[in-house]
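Can you make the complete structure from the sequences, with help from the hints?
As you go down the protein sequences, you meet chains A and B in turn.
As numbered in the numbering used here, the first sequence has no gaps in its residue numbers, which increase by one up to the final residue, 262.
As numbered in the numbering used here, the second sequence has no gaps in its residue numbers, which increase by one up to the final residue, 235.
Bear in mind the hints are in silico, worked out from the structure with no lab data behind them.
C-beta: ideal position from N, C-alpha, C; glycine also.
One or more of the hints may lead you astray.
Stated by the list, open to error - Keeping only pairs whose Cα atoms sit at most 20 Å apart, straight-line, the calculated SDA-like set for lysine to any residue is: (1) B:Lys212 to A:Asp151; (2) B:Lys131 to A:Glu94; (3) A:Lys130 to B:Gln130; (4) B:Lys131 to A:Asp98; (5) B:Lys208 to A:His111; (6) A:Lys126 to B:Thr128; (7) B:Lys131 to A:His91; (8) A:Lys73 to B:Arg122; (9) A:Lys130 to B:Lys212; (10) B:Lys131 to A:Thr113; (11) B:Lys115 to A:Glu89; (12) A:Lys176 to B:Glu119; (13) A:Lys90 to B:Lys131; (14) A:Lys176 to B:Lys208.
As the list claims (entries may be wrong) - Using C-beta positions, here's what the derived DEER-type ranges look like: (15) B:Ile54 to A:Ser65: 47 to 55 Å; (16) A:Pro240 to B:Arg48: 46 to 54 Å; (17) A:Asn232 to B:Pro43: 31 to 39 Å; (18) A:Ser65 to B:Tyr72: 20 to 28 Å; (19) B:Ile54 to A:Asp23: 33 to 41 Å; (20) B:Pro46 to A:Lys204: 52 to 60 Å; (21) A:Val85 to B:Lys157: 52 to 60 Å; (22) B:Tyr200 to A:Glu197: 55 to 63 Å; (23) A:Asp148 to B:Pro46: 54 to 62 Å; (24) A:Val85 to B:Asp114: 29 to 37 Å; (25) B:Leu64 to A:Gly97: 53 to 61 Å; (26) A:Gly206 to B:Arg48: 22 to 30 Å; (27) A:Gly193 to B:Val50: 39 to 47 Å.
Listed below, chain by chain, are the residues.
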Amino acid sequence: MTEPIVMYKDVHKSFGDVSVLRGIDLDIKPGEKVAVIGPSGSGKTTIIRMLMTLEQPTSGSIIVDGKNLWQMEKGGQLVPANEKHLREVRGDIGMVFQHFNLFPHMTILENCMTAPVQVKKEDKATAKKHSIEMLEKVGLGDKLDNYPSQLSGGQKQRVAMARALVMRPKIMLFDEVTSALDPELVGEVLEVIRDIAKEGEMAMVLVTHEMDFALDVADRVLFLDNGVIAEQGPPSQVLEHSENERLQSFLHRFRK
Amino acid sequence: MNNWSWEIFLEAFPYVLEGIGITIGLTIACYLFALIFGFIWTFVRRIPVKPVRWVILWIMEFIRSTPPLVQLFFIYYAWPMVPGIGMTLSPFTSAVLGLGIHYSTYIGEVYRSGIDGVDKGQWEASRALNFSTRQKWTKIILPQAIPPTIPMLGNYLIIMFKEVPLASTIGVVGILQMANNFGAENWRYLEPLTIVAILFLVLSYPSAILINKLERKMNRRFDKKTPTGSKPISKANAPG
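The structure is reproduced here in C-alpha cells:
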C-alpha cells in the first residue's frame, strides 16, 4: 500500500469563537482525486486553505509527503513552523482560486513563467517553452501577450490553472473554481480539469458545488457538515446511495 | 524709485538664477531621501511585534506634528550640542535630513495606502506559487502597489520643491536667498522676488503636467478594468 501524500490528523480550526473544523482526519493517496462537498460554512474551503498554508490550524497536524507542515523540529522540540519551513514543505502543492488571483500587471505568459523562473530557478527559455505548452493545453495559446483584464472569467481561470500546473505540483487544490464564473463559462473550465485529472499522476482536492462533475472526476467524495467529515466514499455511493439525512437534504437542494 | 524696472529685472535675473542649481539639487536630494526613508517606515511598521509598532507609530506622529522649520533648526543648531551622538552638519546636509525625514513620514503613508490597495488574493497567489518573501514584494506586491500612488508621490515632489526655501533659514543659498541678497545689496526687492515666484511657477507647473502624463502611462501599463483597445490583442494575434 502506498503512503498517503497528505495526512490530516485531528485537525481543528477556529476563527475567534467560531469553530469551523472540529477534528478532521483524512489521508490522500498520491494521484487520488478527492472532491469535497458540503453546505457553505461547513469548512470545506478551510481544509484546503490550511494545506496551502493560507490558514493555520488551531490544533492537530498536517503531514505532507512525510513532513509535518505546520510544525518543525528545533532543539528536539516541535515548534510552530517558520516561513522557511513552510516554503520547503508546500513546494509540491499548487492551488487554483475561486477569484483566479492572476497577476494583473503581467501578461498571461508572464503570469505562468514568473514562478518557475523565480522560485524553481528554471532558465527563462525552458520556463517560457513549458508555459506556452501549458497555455496551449488549456486553449489559450493565442493570448500569450494579453493582460488578464482582457480575458473572460473562464479564460482567466484556465490561465490560473496553467500557472499552477507549470510548477508541476504533486497535489493540486481547487477552491470552488467555477463559483465566480458565468454559467456558460463553467463548462470550459471543468473540461480542462477533466483533462488534467485523466493524466493521473497528480493528487487533486476539489472543493466544488458541481455534483455531476464530482461524480465524474473524483475517486472519492467527502461530505463535510458542521466541521467534520460526515460521509465519504466512492462518488456513486456518496452521491446516490447514502443514507445520511443531512447529505440527502443537501443533495436534494442541488437537484431541484 | 519703487516703480517696476525692467533694467533691474534683467540685472537681477542672472543673479537669482545662480541659486537654481541649489534649489533643484536640494529638492531632488530631499525627495530621494524621503522616497527611500519612506520605505523604511513602511516596513518597520509591518514588524509583527506590537510594542515596536507603537514606538514607530509614535515617532512618525511626532515627526509629522512638528513643523519642518523647527526640525531644520534643531538639526542644524541643536544637534551638534547633543552629547555623545551630536555632530556638526553642513546646511545642505541638515536640510536634506530635516526635510527628507519630515516628508518620509508622509511618503511612508502613501506607500502603505498603495500596499493596502493590493487585493488579498495577490498575497495568497504568491504563497500558493511559493515565492520567497523578497520575490513576493519585488515581483508581485510593489509593482501593483506603487503605480497607483504615483500621482500622490508626484504631488509630494512639488510640495517638497515649494518647501525647500525653508532651508534658506539655515543658510542654504537657493533662489530665494539669492533674491534676498540682491535686495539687500541694491535695495530692490520687487524684481528679484518676482523672479523667484516666476521660477517656481515655471518649474512646478510643467512638473505637474509631467506627473499627470506619467500617471496615465502607468495606468495604461497596469491596466485595470478597461481593456486598452485593440492594440495588444492585434499584437497577440499577429503571426510570429
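Hint by hint, here is what the structure shows:
Between B:Lys212 and A:Asp151 the CA atoms are separated by roughly 18 Å; this keeps the pair inside 20 Å, and the hint holds. Between B:Lys131 and A:Glu94, the direct Cα distance comes to roughly 16 Å. Compliance with the 20 Å bound is thereby established for this hinted pair. Only pairs whose Cα atoms come within 20 Å are accepted, and A:Lys130 paired with B:Gln130 is accepted, the gap being roughly 16 Å. Restraint check for B:Lys131 and A:Asp98: the C-alpha separation of about 18 Å stays at or below 20 Å, so the hint holds.
Distance hint between B:Lys208 and A:His111 is fulfilled; the C-alpha atoms sit about 19 Å from each other, no more than 20 Å. About 15 Å separates the Cα atoms of A:Lys126 and B:Thr128, which keeps this hinted pair within 20 Å; it holds. For a cut-off of 20 Å, the pair hint linking B:Lys131 to A:His91 stands: about 17 Å separates their Cα positions. Using a Cα cut-off of 20 Å, the hinted pair A:Lys73 and B:Arg122 holds, with the two alpha carbons roughly 18 Å apart.
Under the criterion of a C-alpha separation no larger than 20 Å, the hint pairing A:Lys130 with B:Lys212 is inconsistent with the structure, at around 28 Å. Note on B:Lys131 and A:Thr113: the hinted pairing holds, with a Cα-Cα distance of about 17 Å set against a maximum of 20 Å. This hinted pair checks out: B:Lys115 and A:Glu89 have alpha carbons roughly 18 Å apart, not beyond 20 Å. Restraint check for A:Lys176 and B:Glu119: satisfied, since their Cα atoms lie roughly 19 Å apart, inside the 20 Å limit.
The straight-line distance between the Cα atoms of A:Lys90 and B:Lys131 is roughly 14 Å, inside the 20 Å bound, and the hint therefore holds. As the CA atoms of A:Lys176 and B:Lys208 are separated by approximately 47 Å, the hinted pair breaks the 20 Å bound. Restraint check, B:Ile54 to A:Ser65: a C-beta distance of roughly 39 Å breaks the suggested window 47 to 55 Å. At about 52 Å, the CB distance of A:Pro240 to B:Arg48 agrees with the hint of 46 to 54 Å.
Range check, A:Asn232 to B:Pro43: about 33 Å between beta-carbon atoms, so the 31 to 39 Å window is met. About 60 Å separates the C-beta atoms of A:Ser65 and B:Tyr72, a value inconsistent with the hinted range of 20 to 28 Å. For the pair B:Ile54 and A:Asp23, the supplied restraint of 33 to 41 Å holds, since their beta-carbon distance comes to about 36 Å. Distance hint check for B:Pro46 and A:Lys204: the Cβ-Cβ separation is about 55 Å, which falls inside the suggested range of 52 to 60 Å.
A beta carbon spacing of about 53 Å between A:Val85 and B:Lys157 agrees with the range 52 to 60 Å that was offered as a hint. A hinted range of 55 to 63 Å for the beta carbons of B:Tyr200 and A:Glu197 is consistent with their spacing of about 57 Å. Remark: the range hint 54 to 62 Å for A:Asp148 to B:Pro46 is upheld by a beta-carbon distance near 55 Å. One distance hint, 29 to 37 Å for the beta-carbon pair A:Val85 and B:Asp114, holds here, with the actual separation near 32 Å.
Checked against the given bound of 53 to 61 Å, the beta carbons of B:Leu64 and A:Gly97, roughly 55 Å apart, stay inside it. Checked against the hint of 22 to 30 Å, the pair A:Gly206 and B:Arg48 fails, with Cβ atoms roughly 49 Å apart. A hinted range of 39 to 47 Å for the beta carbons of A:Gly193 and B:Val50 is inconsistent with their spacing of about 56 Å.
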